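*Asks:* Chain by chain, the residues:
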Amino acid sequence: MWRVIGLNIYRAAETMALDDAIGECVASGASQPTIRFYKWLPPGAVSIGRFQRIADEVDLNTCRNLGIDCVRRSTGGGAVFHDPEGEITYSVIAPARYFPGGISESYRQICSCIIDSLSRLGISSEFKPVNDVVSGGKKISGSAQTRRSGVIIQHGTILYSLDRSVMFSVLKPSRLKLLDKGLTSFGDGVTCVKEECGASIAELYEALLDGFTDDKDWRFGDVSESEKDLAMALLKKYLSPEWNFSR
Amino acid sequence: MELEEKVPGGKLVRLSMDGKGDDKITISGDFFIYPEESIFILEDTLSKLGPDESMEDVEYALYKTVKYNDIELMGLDIYTIARLYKGIIDVESNRA
Chain E
947 MWRVIGLNIY
957 RAAETMALDD
967 AIGECVASGA
977 SQPTIRFYKW
987 LPPGAVSIGR
997 FQRIADEVDL
1007 NTCRNLGIDC
1017 VRRSTGGGAV
1027 FHDPEGEITY
1037 SVIAPARYFP
1047 GGISESYRQI
1057 CSCIIDSLSR
1067 LGISSEFKPV
1077 NDVVSGGKKI
1087 SGSAQTRRSG
1097 VIIQHGTILY
1107 SLDRSVMFSV
1117 LKPSRLKLLD
1127 KGLTSFGDGV
1137 TCVKEECGAS
1147 IAELYEALLD
1157 GFTDDKDWRF
1167 GDVSESEKDL
1177 AMALLKKYLS
1187 PEWNFSR
Chain W
8 MELEEKVPGG
18 KLVRLSMDGK
28 GDDKITISGD
38 FFIYPEESIF
48 ILEDTLSKLG
58 PDESMEDVEY
68 ALYKTVKYND
78 IELMGLDIYT
88 IARLYKGIID
98 VESNRA
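These protein sequence lines map, in sequence, to chains E and W.
For the first sequence, the residue numbers in the working numbering are 947 to 1193.
For the second sequence, the residue numbers in the working numbering are 8 to 103.
The reader is advised that the hints may include incorrect statements.
Unchecked claim - Computed Cβ-Cβ distance ranges for the label pairs, DEER-style: (1) E/1075 to W/86: 14 to 20 Å; (2) W/25 to E/1095: 31 to 37 Å; (3) W/57 to E/1128: 23 to 29 Å; (4) W/51 to E/1126: 27 to 33 Å.
Claimed, not checked - Reference excerpt, derived from the structure (chain E facing chain W, CB under 10 Å, subset only): (5) 996; (6) 997; (7) 998; (8) 1013; (9) 1015; (10) 1050; (11) 1077; (12) 1080; (13) 1129; (14) 1193.
These aren't lab readings, by the way, just hints derived from the structure by calculation.
Note that the structure is predicted; figures quoted are calculated from it, not measured.
The beta-carbon is built from N, C-alpha and C at its ideal position, and this holds for glycine as well.
Based on the sequences and whatever the hints tell you, model everything.
*Replies:* Pasting the structure below:
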């Protein structure tokens, strides 16, 4: 039986700590496999991948001026601007045996829920290895996964709307990526639900709920007290300069 | 000094050497490594190489590290890491 934690709003460090806490509780058997959906506290946040150097990827001055939090994820992948009204974020936290076939295959399996969700809104999309979902060749969703104690924690964003000016004022993607994709600007390489169809963000959430729970035995649930306590203890890590500036 | 490369069909990889005496090597980028802590083992492998190692030697050292530590790389490969490492070593050697 899966637990689904409905849409909530979190600060960047809080949501990272909560994923870890739920992961530990799923590993110990204290919590059920979990799917959670969330948004980011205004004015949003930037998360960077585990192996990125924050100064390479993020305009820290602009973030500071806009009041935007920056956090290093436990997962690899690239830097993401999390617009509070521009995306819905998900986490899937479950024993690895639920997704057999190795790491690449588990990305594909979990991303298929996103593809299914988007198709419910009339948006055609496909999985693009390593970790993206694209529509018409443009990225509409990105995911990242870590594995600990036999448990997968995969989180990712589904873009609802795009404020490209803010996104690319806080992010500093390498020009090499632009050249590699044959684009003239980074904004051309991304799309969002709002630009692909007329759905509201509530309709996107409903589609995600359906797409992620199809063929699963599930119930809505809340974060447990032990998960909250653990998340509180883990929060310090994600707020610390030692972690966020560790590369 | 640092060099970067976009792995075809993969991710961006940067390799930097601080050149402050201990030649600390850092591999950074938007790739994935499983388990994540293995990044330190890879960096350590490069740090222990001598300046005259051939490309094949560097690749072999990385191959052994990946194989014996059961490391999975996604969006990067040992050949890119080796190429960036040799690129930096060659530039540093020409400077000296």
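*Asks:* Taking the hints in turn, state whether each one holds.
*Replies:* We went through each hint and held it up to the structure:
Checking the proposed 14 to 20 Å range against residue 1075 of chain E and residue 86 of chain W shows it holds: the Cβ atoms sit about 18 Å from each other. The given range of 31 to 37 Å is respected by residue 25 of chain W and residue 1095 of chain E, whose C-beta atoms sit roughly 34 Å from each other. Between residue 57 of chain W and residue 1128 of chain E the C-beta distance comes to about 40 Å, which lies outside the given range of 23 to 29 Å. Range check, residue 51 of chain W to residue 1126 of chain E: about 29 Å between beta-carbon atoms, so the 27 to 33 Å window is met.
The interface hint given for residue 996 of chain E holds, since its Cβ lies 5 Å from the closest Cβ of chain W, which is under the 10 Å cut-off. The restraint placing residue 997 of chain E at the interface with chain W holds, with a minimum CB-CB distance near 5 Å, inside the 10 Å limit. Hint status for residue 998 of chain E relative to chain W: holds, with the closest Cβ pair at about 6 Å, below 10 Å. The interface hint given for residue 1013 of chain E is violated, since its Cβ lies 25 Å from the closest Cβ of chain W, which is over the 10 Å cut-off.
Annotation: interface hint on residue 1015 of chain E violated; nearest CB of chain W at approximately 20 Å, more than 10 Å. Residue-level restraint check for residue 1050 of chain E holds (minimum Cβ-Cβ distance to chain W is 7 Å; threshold 10 Å). The beta carbon of residue 1077 of chain E is positioned within 10 Å of a beta carbon in chain W (closest approach about 7 Å), and the interface hint is therefore held. Here the hint on residue 1080 of chain E is broken, as its CB sits about 14 Å from the closest CB of chain W, past 10 Å.
The closest approach between the C-beta of residue 1129 of chain E and any C-beta of chain W is roughly 13 Å, which is over the 10 Å cut-off, so the hint fails. Given the 10 Å rule on beta carbons, the hint for residue 1193 of chain E holds: about 5 Å separates it from the nearest Cβ of chain W.
Checked against the numbered hints given earlier, the structure breaks hints 3, 8, 9, 12, 13 and satisfies all the rest.
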